[in-house]
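From first to last, the protein sequence lines stand for chains A and B. Numbered per the UniProt record's numbering, the first sequence spans residues 1 to 451. Numbered per the UniProt record's numbering, the second sequence spans residues 1 to 451.
These are calculated hints, taken from the structure and not from any lab test. One or more hints might be untrue.
[Said to hold, decoys possible] Heads up, simulated DSBU-like pairs for lysine-lysine below, C-alpha to C-alpha not over 30 Å straight-line:
#1 Lys56/B / Lys144/B
#2 Lys56/A / Lys147/A
#3 Lys291/B / Lys258/B
#4 Lys56/A / Lys144/A
#5 Lys23/A / Lys56/B
#6 Lys23/B / Lys449/A
[Claimed, not checked] To be clear about the criterion: a stretch of chain A counts as covered by chain B if any three or more of its residues have a C-beta under 8 Å from a C-beta of chain B, and this derived list gives those stretches:
#7 39–46
#8 49–61
#9 188–200
#10 299–313
Don't be surprised by glycine CBs; every beta carbon is placed ideally from N, CA and C.
Number of protein chains: 2
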Amino acid sequence: MGSRVVMVGGDAAGMTAASDLVKEVGPDHEIVVIERGHHTSYSACGLPYWVAGDVKSCDDLIARTPAEHRENGIDLRLGVTATGLDADRRVLVTTEGDVAYDYLLIATGAEPVRPDVPGAHAEGIAPITTISQGEELLRQLERKPEKVVVAGSGFIGVEMAEVCVRLGLDTTVVSGSQYPLDQLEPALGQRIADEMASQQIGLRLGTRLTGFRTESGRVTGVELDDHTVLDADLVILGLGVQPRSDLAAQAGLTLGPKGAIVVDAHQCADRERRIWAAGDCSAVRDRQTGKLLHVPLGDHANKQGMVAASGIEAQILGGEPAWAFPGVVQTFITRFCDLEIARTGLSRAQADDLGWDTVSVAIDTTTTAGYFPTAEPMTVWMLADRDTRRVRGVQIVGGSTAGLRIDTAATAITAGLRVDDLIMLDLGYAPPFSAVWSPLHVAARALYKLL
Amino acid sequence: MGSRVVMVGGDAAGMTAASDLVKEVGPDHEIVVIERGHHTSYSACGLPYWVAGDVKSCDDLIARTPAEHRENGIDLRLGVTATGLDADRRVLVTTEGDVAYDYLLIATGAEPVRPDVPGAHAEGIAPITTISQGEELLRQLERKPEKVVVAGSGFIGVEMAEVCVRLGLDTTVVSGSQYPLDQLEPALGQRIADEMASQQIGLRLGTRLTGFRTESGRVTGVELDDHTVLDADLVILGLGVQPRSDLAAQAGLTLGPKGAIVVDAHQCADRERRIWAAGDCSAVRDRQTGKLLHVPLGDHANKQGMVAASGIEAQILGGEPAWAFPGVVQTFITRFCDLEIARTGLSRAQADDLGWDTVSVAIDTTTTAGYFPTAEPMTVWMLADRDTRRVRGVQIVGGSTAGLRIDTAATAITAGLRVDDLIMLDLGYAPPFSAVWSPLHVAARALYKLL
Numbered sequence: 001m002g003s004r005v006v007m008v009g010g011d012a013a014g015m016t017a018a019s020d021l022v023k024e025v026g027p028d029h030e031i032v033v034i035e036r037g038h039h040t041s042y043s044a045c046g047l048p049y050w051v052a053g054d055v056k057s058c059d060d061l062i063a064r065t066p067a068e069h070r071e072n073g074i075d076l077r078l079g080v081t082a083t084g085l086d087a088d089r090r091v092l093v094t095t096e097g098d099v100a101y102d103y104l105l106i107a108t109g110a111e112p113v114r115p116d117v118p119g120a121h122a123e124g125i126a127p128i129t130t131i132s133q134g135e136e137l138l139r140q141l142e143r144k145p146e147k148v149v150v151a152g153s154g155f156i157g158v159e160m161a162e163v164c165v166r167l168g169l170d171t172t173v174v175s176g177s178q179y180p181l182d183q184l185e186p187a188l189g190q191r192i193a194d195e196m197a198s199q200q201i202g203l204r205l206g207t208r209l210t211g212f213r214t215e216s217g218r219v220t221g222v223e224l225d226d227h228t229v230l231d232a233d234l235v236i237l238g239l240g241v242q243p244r245s246d247l248a249a250q251a252g253l254t255l256g257p258k259g260a261i262v263v264d265a266h267q268c269a270d271r272e273r274r275i276w277a278a279g280d281c282s283a284v285r286d287r288q289t290g291k292l293l294h295v296p297l298g299d300h301a302n303k304q305g306m307v308a309a310s311g312i313e314a315q316i317l318g319g320e321p322a323w324a325f326p327g328v329v330q331t332f333i334t335r336f337c338d339l340e341i342a343r344t345g346l347s348r349a350q351a352d353d354l355g356w357d358t359v360s361v362a363i364d365t366t367t368t369a370g371y372f373p374t375a376e377p378m379t380v381w382m383l384a385d386r387d388t389r390r391v392r393g394v395q396i397v398g399g400s401t402a403g404l405r406i407d408t409a410a411t412a413i414t415a416g417l418r419v420d421d422l423i424m425l426d427l428g429y430a431p432p433f434s435a436v437w438s439p440l441h442v443a444a445r446a447l448y449k450l451l
Numbered sequence: 001m002g003s004r005v006v007m008v009g010g011d012a013a014g015m016t017a018a019s020d021l022v023k024e025v026g027p028d029h030e031i032v033v034i035e036r037g038h039h040t041s042y043s044a045c046g047l048p049y050w051v052a053g054d055v056k057s058c059d060d061l062i063a064r065t066p067a068e069h070r071e072n073g074i075d076l077r078l079g080v081t082a083t084g085l086d087a088d089r090r091v092l093v094t095t096e097g098d099v100a101y102d103y104l105l106i107a108t109g110a111e112p113v114r115p116d117v118p119g120a121h122a123e124g125i126a127p128i129t130t131i132s133q134g135e136e137l138l139r140q141l142e143r144k145p146e147k148v149v150v151a152g153s154g155f156i157g158v159e160m161a162e163v164c165v166r167l168g169l170d171t172t173v174v175s176g177s178q179y180p181l182d183q184l185e186p187a188l189g190q191r192i193a194d195e196m197a198s199q200q201i202g203l204r205l206g207t208r209l210t211g212f213r214t215e216s217g218r219v220t221g222v223e224l225d226d227h228t229v230l231d232a233d234l235v236i237l238g239l240g241v242q243p244r245s246d247l248a249a250q251a252g253l254t255l256g257p258k259g260a261i262v263v264d265a266h267q268c269a270d271r272e273r274r275i276w277a278a279g280d281c282s283a284v285r286d287r288q289t290g291k292l293l294h295v296p297l298g299d300h301a302n303k304q305g306m307v308a309a310s311g312i313e314a315q316i317l318g319g320e321p322a323w324a325f326p327g328v329v330q331t332f333i334t335r336f337c338d339l340e341i342a343r344t345g346l347s348r349a350q351a352d353d354l355g356w357d358t359v360s361v362a363i364d365t366t367t368t369a370g371y372f373p374t375a376e377p378m379t380v381w382m383l384a385d386r387d388t389r390r391v392r393g394v395q396i397v398g399g400s401t402a403g404l405r406i407d408t409a410a411t412a413i414t415a416g417l418r419v420d421d422l423i424m425l426d427l428g429y430a431p432p433f434s435a436v437w438s439p440l441h442v443a444a445r446a447l448y449k450l451l
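Work out the full structure: start from the sequences and follow the hints.
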């Protein structure tokens, strides 16, 4: 008799794992997915662009539909919520009864942070992390809100601020940070703030939301910790997400930063009790520092789903897992209107917290040869160890094509290259693409001079 | 008494070296530059875009003028040609008399290949590697040519074909290769040929130019080896360049591929006789194979100028040179109209010539998340060792932002990453920039499956 593998969660990590497993061990072994919603394998990161109208239908965000997954042989159970976990008996408790498993993958994702303040569940307060939430936000936008507040200035806050600009909405961003995307260095964050201001976005930075004003159950305003009130008939929540790890907590699994489930390099959370975890509910390690982090991104979820599947497959079929997840270097990329924003590696604050002796520099250059008509300004910040000259962090803010260069920096950091190595890298040169010293070269040269 | 360092050639390599040296060892030591033309430090790679009108004035292509260099203390002698080299006596023979030196840097660049056929020097046959040649080509274009032939389909051929499209000229590209940019794999080269055809460029591939028809000293047509004749009142030469290494040959220095001057990692060509060489006249080593190549690109010239200067500085002041040139991985990037074209590392043919057992794959994907409105098709080709799975070559053809990803591949190849490592790289992910598996990930995954 075959084993039964149960995935809790039918998005990136869960469905990647289920798809890999059904291909490798099905149909001898049963692959079951429990999903509380009604969609599978969709791009949550695409939601802002659906709301903005770039993406015509939410169907476009769906990489593979429930029907396709079922055709592949996956036992997909939609609209079923896992409510409990008896890890010792290997039983998942769900709204449709108990499901026994031989191997369990927790891929429950993350949920938007709702401020714990009065009125937080009023109508017109909209998170945006699922397709249903996207549908609800679109309904709210059809009411033509007059004053929008975006709460938070992380990724979602910044991306939703762009959406509001493009929809022509009167918008204010409220954030406890001193500048948007505070994982960036202050000078780069300031450029984003400036760009937001130039797009007529109101900015209330260094300010916390303390409550909501409501009327007949609908939001009418936002109360701030400086005792002012902003009128608002729509509040978009961009306060970040937190891992959905209740099941793991029930089973007594180790939780890490923000409550994310701690796993080994094979995404295994508890080898004896055969529990794996992957995606936004799990913690990742930073490749440079070994520190545990919570980095909820779809690309990690896909990789981790693949790694978890290979781990479970090895348990079922014997042998060693084909894959291990090596961790992250904290790469991210996003944009606000025409400004591209990216980072990888450590920030100054992270390096200082570790007590590392580092040197950093920020340089202004252009996206193409300076004389080329499409040249746009870009700023590159770079951090390196003082003694070994190893590159530790890079951040970029600038015009079209600036952001993508972060991939080169991420690769260099992963490979442990020094500033000197970066200077001598053979990168593509032609006037429409880069000056003769590319933006990363320019930053590395400036940093080398300081070292 | 100080030493005298003489640079022959006042463009990228020569002026970079002179500028570094004057800063480090001047004014105690004399820094002399002999340049046969009247311009310094200009971007030859920008010439096509000047002719196309993207760059308004050739002044914009000049990074630093003769006056600026002289202000910095460089003894710059324009309009002077070096005609001979007595390396044993350390004397450079020039059109303005002998110049004795203590250290010599040959940075004479490369010159366009002119076909050795009748009529090759007729009016209306235009190379495009210097500002004066650009001026001459602009004069020819003012005559409103009716039929243009671009001879050659390397970089310059492809870039000048784009210029012709944008100027609305009736244009035919003639090339001995089977497809444009034949350093690429056939499938990718074919995409360029298709794009050229769709832009109404006539293509005569696999065809060699055997002569020119002329009337009153002016070109009227091009004779081909299939015994046809193409009418042409303007022929743009894009047959590549060859190192200008006559001086080095006179001095008995070792010449490598295409006659490029062979140098060590410090760009030194002859330590005993104190001769360095840098830029397009010198040979480079491939970092993966150790093989000597001729790769005439401005970015290498700048780096090599810096390396040569540090080598000469170490001779003058003692100590070890700060820099060594580690070689190249054969990265290039260019475009034809809206098609971006890039490669790095080895081609299939290069790997086969070495007898390496490699596996390759080509995949079609999109520049952004597939559902994103700016998504454009792109093709990635990837080559890896069969046993070690080390990535050996990557080629890219595709829409806007496709090309820049070559830098990430070049960095991965330089660092010796395997296909598996590439799959697990933490690259930037957001829908406007990439699908959740980036184009390089997709190629690496496809290749991994084959391995």
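Each hint tested on the structure:
1. Lys56/B / Lys144/B: 19 Å, holds
2. Lys56/A / Lys147/A: 25 Å, holds
3. Lys291/B / Lys258/B: 13 Å, holds
4. Lys56/A / Lys144/A: 19 Å, holds
5. Lys23/A / Lys56/B: Status violated; Cα separation ~58 Å.
6. Lys23/B / Lys449/A: 14 Å, holds
7. 39–46: Holds: 3 residues of the region 39–46 of chain A have a Cβ under 8 Å from chain B.
8. 49–61: holds (count 5)
9. 188–200: Coverage by chain B is violated here, the residue count being 0 at a Cβ distance below 8 Å.
10. 299–313: holds (count 4)
When each numbered hint is compared with the structure, violations occur for hints 5 and 9.
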